[in-house]
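Starting from the structure of chain G, add chain U where the hints point.
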Amino acid sequence: MGKTLMVSTRKGLFEVNKSRTGWGVSKADFLGDNVTLTLRDPRDGTDYAALNHGHFGIKLHRRDRGKAKWKEITTPVYPKKPETLVDLDGWGKPVNWTTQLIWSLETGGPGQKGALWAGTMPGGLFRSRDRGTTWELMESLWRHPDRNKWLGGGADIPGIHSICVDPRDAKTVRIAVSCGGVWVTKDAGETWSQSAHGMRFDQGPPEQAANPDAQDPHMMVQSPSDPSVFWVQHHCGIWKSVNDGKTWKEVKAKPSSFGFGVVVHPHDPKTAWFVPGIKDEKRITVDGALVVTKTTDGGRTFKSLKKGLPQKHAYDLVFRHGLAIDDTGKCLAMGSTTGNVWVSENGGEAWKEVSSTLPQVYAVRWV
Amino acid sequence: MATVHFTSNLRRHVDSPSVESTGGTVKAVLDGAFAANPRLKTYVLDDQGAVRKHMRVLVDGQAIVDRHNLLDSVAPHSQVWVMQALSGG
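Chains G and U supply the protein sequences, listed in that same order.
Sequential numbering of the first sequence, starting at 1, is according to the working numbering.
Sequential numbering of the second sequence, starting at 368, is according to the working numbering.
Bound-form chain U, shown alone:
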């Protein structure tokens, strides 16, 4: 199983503990992670299911390439990190 971790800044708005999820792609793994927590999905993905503009998803330390369809591969024991850019004032 892959493990999905979320930026701690999300916790102020929505429960976002690290969760285990299965799937061969980022989409499948995130769908699994959001299944029990649909509100969290709206904080990470936009209306079209793409990664929000100032969010990043990393699989085993590498930023995903397909931010729209989320078809980057995920290995059985991958660590998936949902991060945010830090900017503004």
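The following block holds chain G by itself, in its conformation from the complex:
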């Protein structure tokens, strides 16, 4: 059957495959429910799906390898907030110690069987050692005094949307926070430090622009082939690090450097893709034309790819988890806010429409 694309949408989880007649939806789960993210654990073939039931809260489901049925498992839960504790976010609003979104879900290192990481709104990072049966809040980060500087960007509350477990050493984990910069632990979560130096947030007081705690990275990815290289699609542009995130340098793309998602080529740290939009309040495509921007020289130049993508009155926005690349680096996929899904089998040079009638897409992932 070949590779499968998992498409998480506002009204269900859809699986997309290629058949003799082309790419199409082959299966639907959780129909009618809000599926925000999935994860396939390559170590044991387990699938995970995060749901947001709105009234009934955030839930997590698991599907064992080869099985058809999903089973609800434990959702990361915040501990009881001490009654006397005044816990305010960067806006000065009280923090509700309740999981309000599972915004990132990643596996631990290759040798950490069953280990998972989950990033949430309102900013808690959770770890499981047993395939999501139990979860523990990363207290060292949650109780870090600088966490109270974090604040919501597009959302009302802060959250962790990117988790990069270092392929060289699984004790090293980097996360990106909207809004709160980039944080790194090198001791499996014992200690954490800020790592967004060099980014710039240009929509506040000038003296705060370079403050790493004020940064709004929208998405961060680590190069599998050169793990010292990171790419960030930031609220104010595109940033790249070639030294493990110690420092960051801005690169510029046309028609816009604003966007949400980014993917990096699995075998080439200099090749990365983005989906641009108009900053800021409008958040639509430039000139109503949907394009994907690609660099193959580390961000020095960008090519605008549009073959197969709508170029008139297309107002698709691709959210941060709505762009994916497979492990060959050839197959890309993206899903949009207007329920369109496209696949490219040649590195983004040309795209094929999979569907134009799906619900709003939150995330796509190759499995």
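Note that these hints are calculated values from the structure, not bench results.
Predicted model only: the values in this text are computed from it and were never measured.
One should not assume that every hint holds.
To be verified - Distance ranges between label pairs, derived from CB positions:
1. U:A403 to G:P266: 47 to 57 Å
2. G:T301 to U:R379: 43 to 53 Å
3. G:R129 to U:T389: 31 to 41 Å
Built from N, CA and C at the ideal position, the CB exists for glycine as well.
Just chain U now, kept in the frame of chain G:
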């Protein structure tokens, strides 16, 4: 004994039959109702034990006031309804 009823929309996700439970407060009655069905609790209450934002609890037709600690009174034969707001698209 008080009787606790749950919105029918919950049934798609989790077993939620009406149950009898004893206690002088909403917290005590709900704790009793959830004792045999802990998964149901996570659908109604948040991580801090408060009523979820878009859920409502009514005792004999009156919405409870203390949504955080659930200390509103419940009479021996009260009817407790766990409802939801209907919104969105």
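Evaluated hints:
1. U:A403 to G:P266: 47 to 57 Å: holds (49 Å)
2. G:T301 to U:R379: 43 to 53 Å: holds (51 Å)
3. G:R129 to U:T389: 31 to 41 Å: holds (39 Å)
Comparing the model with each numbered hint stated earlier shows that all of them hold.
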